[in-house]
Structures are given as structure tokens and as C-alpha cells.
Amino acid sequence: MLTPAAIHTLIAQLLPEATINIEDPLNDGVHLKATIISPRFADLSRVDRHRLIYQALGDAFAGPLHALQIITRTPDEL
Amino acid sequence: MSTPLAPALKTQLDQLVANHPVLIFMKGDLNFPACGFSARAVQALKLAGFQNIHAVDVLADNAIREGIKLYSNWPTIPQVYIRGQFIGGSDIVLEMLQSGELQKLNQA
Numbered sequence: 007m008l009t010p011a012a013i014h015t016l017i018a019q020l021l022p023e024a025t026i027n028i029e030d031p032l033n034d035g036v037h038l039k040a041t042i043i044s045p046r047f048a049d050l051s052r053v054d055r056h057r058l059i060y061q062a063l064g065d066a067f068a069g070p071l072h073a074l075q076i077i078t079r080t081p082d083e084l
Numbered sequence: 817m818s819t820p821l822a823p824a825l826k827t828q829l830d831q832l833v834a835n836h837p838v839l840i841f842m843k844g845d846l847n848f849p850a851c852g853f854s855a856r857a858v859q860a861l862k863l864a865g866f867q868n869i870h871a872v873d874v875l876a877d878n879a880i881r882e883g884i885k886l887y888s889n890w891p892t893i894p895q896v897y898i899r900g901q902f903i904g905g906s907d908i909v910l911e912m913l914q915s916g917e918l919q920k921l922n923q924a
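The listed protein sequences derive, respectively, from chains A and B. Here the first sequence is numbered in our numbering, starting from 7 and rising by one per residue. Here the second sequence is numbered in our numbering, starting from 817 and rising by one per residue.
Quick caveat, the hints were computed from the structure, so don't treat them as lab data. Warning: the hint list may mix true and false statements.
Derived pair list, reagent style EDC-like, types lysine to aspartate or glutamate, alpha-carbon separation capped at 16 Å [unchecked claim]:
1. B:Lys920 <-> B:Asp873
2. B:Lys885 <-> A:Asp54
3. B:Lys862 <-> B:Asp830
4. B:Lys885 <-> A:Asp65
5. B:Lys862 <-> B:Asp845
6. A:Lys39 <-> B:Asp873
7. A:Lys39 <-> A:Glu29
8. B:Lys826 <-> B:Asp845
9. B:Lys862 <-> B:Glu911
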């Protein structure tokens with residue numbers, strides 16, 4: 007398992023400027039939701055934004071992470 | 817994820833992408849998705865009006881399940897391709913449904 011705190015830490019390491027919120031909406035510790043707000047997303051497509059988050063998470067999806075909803079926004083998109 | 821994509825598998829995936837204008841790699845099939853993310857992606861495509869959706873059940877073929885992650889440089893399932901272009905996973909198709917972009921892709 008990757009805890010919400012661990013996910014937060016991994017993303018913050020790559021995107022220190024970002025506002026990051028990791029939720030556990032079902033309170034099951036499995037189906038998590040990450041909302042990441044960063045001006046760095048402004049020039050990136052949706053696919054490239056997500057790839058950046060996947061890069062931050064490393065190979066977590068190969069093992070301990072099963073279900074993560076990812077929402078990416080720039081401050082202007084809020 | 818570190819092993820390269822085998823040429824035969826790459827050819828197989830190239831052909832799937834080329835042959836199916838509306839293609840989803842998912843867990844389960846269109847009528848019985850085996851994962852919430854796959855179910856939501858299928859639903860988004862249907863709500864956007866896409867017909868003749870071709871689904872590849874990655875649970876039925878582990879080589880494709882792992883290969884498509886390398887092929888698309890995308891570590892999760894589902895994955896949607898429209899007219900040969902990688903669109904993204906369930907979060908992205910849902911955002912594009914909400915914004916109307918997915919419907920426009922269907923009408924393009």
C-alpha cells in the first residue's frame with residue numbers, strides 16, 4: 007500500500023511548487039484521489055500532465071498503488 | 817516495465833490501433849467492466865456518442881496488459897485511442913466529456 011501521505015511526498019519531490027491534496031473518498035485506503043495544482047501544467051497537454059505525475063510516482067503502479075484518480079489544474083483553471 | 821516492448825507485440829498493438837478508430841484497452845468487456853475506472857471510461861465514450869467501440873480485455877492477455885503500458889508510455893488501464901491517437905485514461909476522458917471535447921472528437 008501507498009499511503010496518501012507517501013503519495014503526497016512523492017509528488018511534492020518532483021513538483022515542490024504544487025498544491026497537492028490526496029483524498030481517500032471511500033475511506034478504504036485503496037481508491038485514492040489526487041488533486042494537483044501547479045502553474046507548470048500550463049504548457050502541458052492532459053496526457054503530459056498525467057505522465058509527469060506518473061513519473062513522480064515512479065513504479066508505484068507496478069506494485070503498491072492500485073487505484074488513483076488524478077486531477078491536474080493550473081491556478082488559472084480553478 | 818523495464819523490459820523493452822517485443823517487436824511482435826508492438827506490431828500487434830500497432831494493428832489494433834490502426835484498425836479500430838474507437839479503441840479501449842480495459843479490464844473486462846464493454847458489458848461487464850471489471851474495474852471502476854474502465855467502467856467510467858466506457859460510459860464516457862458512450863455518453864459522447866461513440867459507437868462501434870472496440871474493447872480489448874487486458875485481463876484476458878497478460879502480454880497485452882503489460883505491453884500496452886510500454887507502448888503508450890502510460891502505466892495504468894484503461895487506455896483510450898481514437899483514430900490512432902492516444903487520448904488517455906479514465907480521468908482524461910471524463911474531463912473531456914465534461915468539457916465537451918470528447919463529443920467534438922466524435923463529430924470531427
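Checked hints:
1. B:Lys920 <-> B:Asp873: It is violated: about 26 Å lies between the C-alpha atoms, which goes past 16 Å.
2. B:Lys885 <-> A:Asp54: The hint holds at about 15 Å.
3. B:Lys862 <-> B:Asp830: 24 Å, violated
4. B:Lys885 <-> A:Asp65: Status holds; Cα separation ~12 Å.
5. B:Lys862 <-> B:Asp845: 14 Å, holds
6. A:Lys39 <-> B:Asp873: 25 Å, violated
7. A:Lys39 <-> A:Glu29: The hint holds at about 5 Å.
8. B:Lys826 <-> B:Asp845: 22 Å, violated
9. B:Lys862 <-> B:Glu911: 14 Å, holds
This entry does not satisfy hints 1, 3, 6 and 8, going by the numbered hints stated previously.
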